[in-house]
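Asker: One line per chain: the protein sequences are H, S, E and Y, in this order.
Residues 0 to 413 in numbering that gives the first Met the number 0 are what the first sequence lists, from first letter to last.
Residues 0 to 413 in numbering that gives the first Met the number 0 are what the second sequence lists, from first letter to last.
Residues 0 to 268 in numbering that gives the first Met the number 0 are what the third sequence lists, from first letter to last.
Residues 0 to 268 in numbering that gives the first Met the number 0 are what the fourth sequence lists, from first letter to last.
Bear in mind the hints are in silico, worked out from the structure with no lab data behind them.
C-beta atoms are modelled at their ideal positions from N, C-alpha and C, and glycine is treated no differently.
Treat the hints with care, as some may be off.
Where chain H lies over chain S, by a calculated footprint (3+ residues, C-beta under 8 angstroms) [stated by the list, open to error]: (1) 62-71; (2) 168-179.
Over 12 angstroms on every C-beta distance to chain S, these chain E residues come out as not near it, computed from the model [stated by the list, open to error]: (3) 43; (4) 119; (5) 122; (6) 148; (7) 170; (8) 249; (9) 263.
These are the residues of each chain, in order.
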Amino acid sequence: MKIPPFKEINPPNKNGYWVNKKNGQVYGGAYISPLLIPNLERVEKGFKKALKDKKFIKGLEEQLLNYIGVNTPILFSEELTDLAGGKNKIGKIFLKRTDLHHDSSHKPVNAFSSCYFAKHILKVKRIITETGASMNARAVAAACAKLGLECEVHIGAVDEEKVNLNRNITELYGAKIVVVHDSTKTLLPAMASALRSWQSSPDSMYVVGSVAGPHPYPQMVRTWASIIGRIAKKQFKQITGGVPSTLFAVCGGGSNLMSMAYPLLKERTKIFAVESGGDGIKTGRHGATILGGGKMGILLGMKSKVVMHSSQIAESITEASGLDFASCGPEVAYLHDIGRIKFLSSTDLEAKKTFLMCSKKLGILPAIEACYVIHSALKEIKKRKNPRENHLIHLCGSGESNVTRMLKFKRENE
Amino acid sequence: MKIPPFKEINPPNKNGYWVNKKNGQVYGGAYISPLLIPNLERVEKGFKKALKDKKFIKGLEEQLLNYIGVNTPILFSEELTDLAGGKNKIGKIFLKRTDLHHDSSHKPVNAFSSCYFAKHILKVKRIITETGASMNARAVAAACAKLGLECEVHIGAVDEEKVNLNRNITELYGAKIVVVHDSTKTLLPAMASALRSWQSSPDSMYVVGSVAGPHPYPQMVRTWASIIGRIAKKQFKQITGGVPSTLFAVCGGGSNLMSMAYPLLKERTKIFAVESGGDGIKTGRHGATILGGGKMGILLGMKSKVVMHSSQIAESITEASGLDFASCGPEVAYLHDIGRIKFLSSTDLEAKKTFLMCSKKLGILPAIEACYVIHSALKEIKKRKNPRENHLIHLCGSGESNVTRMLKFKRENE
Amino acid sequence: MNNDLKKIFDKAKLEKRSCLIGFVTGIDPDYKTSKKILIEMSKYCDAIEVGNPFNTSTSDSSIIMDANTRALNSGANTGKIFKLIKEVKSEIRKDIPFIIMGYLNPIYIYSIKKFAKSCKDSKVSGCIVVDSNNNAPEDKEIFTSLSKVNVSYIKLIAPTNGVSYIKKSLLRCSSFLYVVSIAGTTGSKQVNLKNVKKSIQLVRKVSKIPIGVGFGIKTKEDVSKVSKVADAVIVGSGIVDIIGKNTKNHNLTKKIGSYLKNLKKGLKK
Amino acid sequence: MNNDLKKIFDKAKLEKRSCLIGFVTGIDPDYKTSKKILIEMSKYCDAIEVGNPFNTSTSDSSIIMDANTRALNSGANTGKIFKLIKEVKSEIRKDIPFIIMGYLNPIYIYSIKKFAKSCKDSKVSGCIVVDSNNNAPEDKEIFTSLSKVNVSYIKLIAPTNGVSYIKKSLLRCSSFLYVVSIAGTTGSKQVNLKNVKKSIQLVRKVSKIPIGVGFGIKTKEDVSKVSKVADAVIVGSGIVDIIGKNTKNHNLTKKIGSYLKNLKKGLKK
Ligand SMILES: Cc1ncc(COP(=O)(O)O)c(C=O)c1O
Ligand SMILES: Cc1ncc(COP(=O)(O)O)c(C=O)c1O
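One chain only, chain H, in its complex shape (with noise of 0.2 angstroms):
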């Protein structure tokens, strides 16, 4: 497998800043205290550095390709395509089976590239990362497992509490788990101490989850995650002879859009994020940035769009974890206001039955993340009714830590 190499065509100003040309709003940037400048400088001279380096990313496309297995199939699912109305109405859905990676998501892909850059190019032994119960912190703890790397995952107390299979796995890995009974106990303190123990060791490193964070984390993750794309965009045109008419991810943070939409960017397909509407967004308990009211603001070191309460970051309410966050990453922001993504959302009982017809009808469990997509996907697609378009699906990861919730609702549901 030739590696389309990666390209940037959507650069931020070297401040960080994504800027909307139209009226001058600006997304991005790095909001931190002096503290942390020093490390952030590091990480974006390394970054620069590692691009060029084209040992660092030979050897770093090997272990993406062998070792997390990038190189995933893209399937082109007859029974998504048939309840969509069929070939004849609507085209064709492909799903990318990203749920096939190493550690069962595209987290892996980021996680271990942040590692191996920490590794080789910033050469510290430590990484700090956070985690709510969710996918990163596993991947991020294998990465520093195969890397010999030490890993610090700081969890809520909690969320800690909640025992899970991705929290279990990240011990198994050697990680060392961090608990944090600051405050609400939840992500955002075990984000602060993330944060507090890389001020106090610019030795490690601090690996962000997703395309968020301070300057130079969301172009840089999306960087990393962008292999996932440059791979489905060669396949597509080995199946289809073109790229996709429509591209559908689900956004949380975004790493997952992004991964798959960066090389699609200035491609004709119509690119489509979906978040969680959580009990209806009408509701107020949810967990959509863009469609749930988020307006421009700054936490975690970016500025980006969240949803506040006044000023208060709001807490996001969704069935997926993996969802459960109330803002997104600048450059997502920046290129729905642009018009480039469009947004649609999903309810979490439209969520969780699409969970169990995947289940049952495609012989897929898919993450209740990938959930999401798939049920906007299939009413968008439907709309369309565009018999000559190909459709793409992020399938963004396998359900298996979803399983005892979900069968739980199976059965209260039959």
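Here the structure of chain H is known, so what remains is to put chains S, E and Y with the ligands in place on it, guided by the hints.
Answerer: Showing chains S, E and Y with the ligands alone in chain H's frame:
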């Protein structure tokens, strides 16, 4: 990916026996009540037809590539190579990453192929299989969901009570779970129950999860499964320029072993099968058929090596539920007896330690089954001390369903 | 053909009825009780089938599997089954033939030759091996070895088997052919008379061998229906079910006796 | 430079001591108590830093995060913080400058221009924004807006920041420069004097601006050591910790008073 076509290079005779020419010993056959004769004849006839049906093979391969994801990478494991003494001492160790398959083991390849065969060649609408808390039921249930077949899984009441990940996923895939309350309420009565169900419904097909059972199952299952090895052989040639010097695979029934070994039978590759030594073979509490004193016997429709107490089939004792089988496939027993496959064993404790080691050092969570082979392979490779060799280990599954037990083991041993 | 078995069919023919063959697993629930049961059965049955328990049987119903488990827990093995039959035979009428029914593995491990010799020593008249197969080398060996000691090899056929399979089976079958009445398993469902008739028609086209019918025959009515078309009616799960439900009951043998007594009423042609 | 702030440094210089600046989160644990605490603090401190709580702070220790949570649960927001300061100021000596410390988002959402106006209205003398960055457009806007109303913008620098960063920060910094004494977070570890000295040396090479040192200063001994090298000593977690442990205690303000009284003894040069 062009898949190397299947060629029959070790056929059984027309009655389904492999014959040891040195002493006339036969392996295989079909030892079943006349009630099943027509069912088996249908399968046998269909199997011959399927192999010649180019459209069938093409359709099957497409699904195996894109749904099961059979084109998994081969990873050069620097970590294992170093553990065995380093490149300059022992050559290189590679891992075939079958753990990256859909549903996380080699099992889905046979499971899907068998169900695809049942649907398109036998034209049946219903699949019957049995399980002892292992991967096979999950894989069969997935295939049935995808192919729109009914699926009936027989499971002993004792096994069913141990609620576990794979059992729950099987239910999510929509399989009908038949709980068997007969006799010991474990795997064997579940098998009897499944076979009875097949006897009374000739409109269904029985799927066997390993290279065992009455003719033509052992031949058919290894034929379907061999696509793994055919691809691996081609990949290995691309990577190293030749065939593996050694091949290591774990052996319960023998399906993951044969999947890799079959295409190499006529090559100069040394083939090693690894059995579960349980508490130690000498203790009598083990899961080893060949090394554990198995003798020729007749069970579950086949003649093969079996561990017995007088004439009753012994209970096998092993940490790995996938190796919990007191026999092995007839072709495997034959290949051992003619000297083509050498056998090794690891104890449960060695396997469990290997699980922790792989998690911590390789960033890989192997199925506990695969830990037996990794342990024995390292030992054997160290002994061989040949820097010109390229070793291939079949990493036949991922360990998500082992996490709870292994984390307990880790915590107790720290 | 084994003489004892021939005689029961001859006798029944004269009496214008079919034979009653009773089946139980040997040494179920234990050696002593099993002996009593077999002695009781001998009062009503023309022949007795004794199951040699196997823990990995693939064609047995729950009822029989549980019986196998009870027997094995009481220490049953092939040698003891022979001992049991020998002892029972010494205490009952000489002319009641005993048939051993079981799976191949216990015989194969015991050794087929030794098995034939034990049959002779214990005066076993016939032998049924559920999972033997006409194409298996062991099948031929069993047939040859039993023939040498004048023990009948009795073959099973199913309603789903065609003529060629039946013909092949008949080549190694003596005394009678065992027609499985349902496409299910012992004890699992009701007797399917349509299937039975179809099978018997097929057999009759190629052979005059007596035909026994078993699987799913439990009531007097079942017996009566089957007696009209077959030479022997084989009742197993019905009896074993009584054992399973009365392992600790003093009246166990009596219950079996009265059950069989009632069944006998249905044997008339 | 804000005049009130200038005065305290001038006065301290004359008295051959450094200034004491006390920090608490505003409206912690509630509005009324917070007001009492601030009034009590005004008796001992040369200036008072009031934290504007933010629920997604990234640079705060557990102690401050808990204070933020308490304040938010008591209904704290930017407007109320201004109201609190205004009220407190009306009840204490006019010349004690107040500084608002916080994160950018609350200011950004409140609107930077309105924030500057509120500072003026409430007679706030200075402002610290932990996560503002010299390159951010908002940083420039804050500086400009505050300058217009004669409110000082106070910049943080860390021991790990180099000269070029310090120079850039000084361009937008007035009244004093805040040197973070440890490469950790507020309250988390002990003051690191070596780091502080290194930072001060760097600053002194390019500027004569007064230097305040904070983070990790808790005891009289800490105050004493830092006073030798800095123009102001900033104490936060030490006070907030007392609040956290005594939210229901009637003597809370007294405890804070005697804590500060003791610290004051360490201010001598
Ligand atoms: C499977 C899966 N999909 C999606 C997400 C959301 O992250 P992002 O929006 O960055 O892709 C997560 C986060 O954990 C995830 O695990
Ligand atoms: C991962 C894995 N490996 C190995 C086995 C053993 O089966 P076989 O010996 O047929 O490969 C199993 C059976 O469930 C399995 O799940």
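Asker: Now, for every hint given, state plainly whether the structure supports it.
Answerer: How the hints compare with the structure:
1. 62-71: Contact hint for the region 62-71 of chain S vs chain H: holds, 6 residues under 8 angstroms.
2. 168-179: holds (count 5)
3. 43: holds, 27 angstroms
4. 119: holds, 20 angstroms
5. 122: For residue 122(E), whose nearest Cβ neighbour in chain S is about 22 angstroms away, the distance exceeds 12 angstroms, so it holds.
6. 148: holds, 21 angstroms
7. 170: Nearest chain S Cβ is 14 angstroms from residue 170(E), so the label holds.
8. 249: Consistent with the label, residue 249(E) stays out of reach of chain S, its closest Cβ about 26 angstroms off (over 12 angstroms).
9. 263: It holds; residue 263(E) is separated from chain S by about 28 angstroms at its closest Cβ, greater than 12 angstroms.
The structure is consistent with each of the numbered hints, conforming to all of them.
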